[in-house]
Amino acid sequence: MSARAQHAHDVSALERALAEFAHPVAPRPEYVAETKTAVLAGRIDDHEANALAAAFVVTAFAAGVAGMFVFAGAWIIRATRRRG
Amino acid sequence: MLSQYQASTDAEDGESGVDPRSDKELALAAREDPAVFGILYERHVSTIYRYVYYRVGNREDAEDLNARVFMRALKHIQRFDDRGVPFTAWLYRIAHNVVANFHRDNGRHPQVSLEDMTSREVHHHDDADHAIDLRLDQRRLALAFARLPEERQQLIALKFSQQLQNAEIGVIMRRSEGAIKSLYHRTLEQLRELMEAQP
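Keeping their order, the protein sequence lines are chains A and B. Positions 248 to 331 (this note's numbering) are the ones given, in order, by the first sequence. Positions 2 to 200 (this note's numbering) are the ones given, in order, by the second sequence.
Hints should not be assumed to be uniformly reliable.
Claimed, not checked - Straight line, CA to CA, 25 angstroms or less: simulated DSS-like cross-link-like pairs of lysine-lysine: (1) A:283 to B:76; (2) B:25 to A:283; (3) B:25 to B:76.
Stated by the list, open to error - A few chain B positions that, by computed beta-carbon distances, are all more than 10 angstroms from chain A: (4) 33; (5) 174; (6) 179.
Bear in mind the hints are in silico, worked out from the structure with no lab data behind them. It should be emphasised that the depicted structure is a prediction, and the values quoted were computed from it without experimental measurement. Idealized CB from N, CA, C, for every residue including glycine.
Using the sequences and the hints, build the whole thing.
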């Protein structure tokens with residue numbers, strides 16, 4: 248078998264394996280019903296909001312630290328000039 | 002090719018037999034009345050669940066993340082507009098983001114349910130040796146799949162668990178059909194290499 252034919256054979260075998268790998272699954276009927284009710288009632292805990300809040304906290308903290316550095320830098324420069 | 006995508010969506014609409022409205026009409030109606038979103042949920046819950054399951058590999062996480070996908074879709078339904086992007090594609094994008102966030106937040110790699118795969122193969126093949134070979138191959142494939150980059154996993158999931166065409170996948174992944182075709186071949190090549198690298 249040529250290298251080209253071997254490669255085509257490998258790809259074909261891999262695609263067959265991937266098709267078997269993707270066996271059909273279905274959600275449990277009781278899960279479907281319960282989740283529908285929970286979604287429409289807004290009772291699902293979606294971490295998206297938490298991620299946004301975390302991003303805000305991190306940004307605020309970084310801004311605070313940067314502000315402290317600016318203040319300290321200004322204070323040092325000022326003190327140095329006074330001595331000079 | 003996109004007309005085929007639309008056709009499959011329309012077919013699903015018809016099969017439901019409950020509401021004749023298209024996904025777009027329902028999504029627009031859901032902006033005013035969130036209860037209408039329930040129809041969209043019932044129409045797409047199995048498809049999105051299957052996609053999420055393929056990406057995370059176990060029922061527990063798939064159920065949790067699937068619920069988050071629909072919660073987020075409902076929350077952002079005001080942002081949905083149908084400018085060339087079908088509702089299903091919009092939903093897949095949300096699902097992809099939810100799964101990606103899940104893997105990032107948990108600091109773990111995507112995993113596959115090896116136990117589930119093993120039991121499945123035994124049921125399908127009577128010949129014991131053949132079943133063992135298949136289990137080994139499936140196990141190697143599962144491990145290789147878990148090591149693929151996020152976008153390549155997404156592509157494989159959309160192609161095999163959802164059986165979408167390259168053009169349809171392109172809409173979801175914001176790439177051209179040609180780019181998807183090229184990415185697909187590179188992904189198969191990487192999968193083959195990863196499988197060969199295993200002991």
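Hints, verified against the model:
This hinted pair checks out: residue 283 of chain A and residue 76 of chain B have alpha carbons roughly 14 angstroms apart, not beyond 25 angstroms. A C-alpha spacing of about 19 angstroms is found between residue 25 of chain B and residue 283 of chain A, which places the hinted pair at or below 25 angstroms, so the restraint holds. With a C-alpha separation of about 16 angstroms, the suggested pair residue 25 of chain B and residue 76 of chain B falls inside the 25 angstroms cut-off, and the hint holds. Every CB of chain A lies more than 10 angstroms from the CB of residue 33 of chain B, the least distance being 14 angstroms, so the non-interface label holds.
The non-interface label for residue 174 of chain B is consistent with chain A: the shortest C-beta to C-beta separation is roughly 18 angstroms, beyond 10 angstroms. Listed as a non-interface residue, residue 179 of chain B keeps its Cβ farther than 10 angstroms from every Cβ of chain A; the least gap is roughly 18 angstroms.
When the structure is compared with the earlier hints, no violation turns up for any of them.
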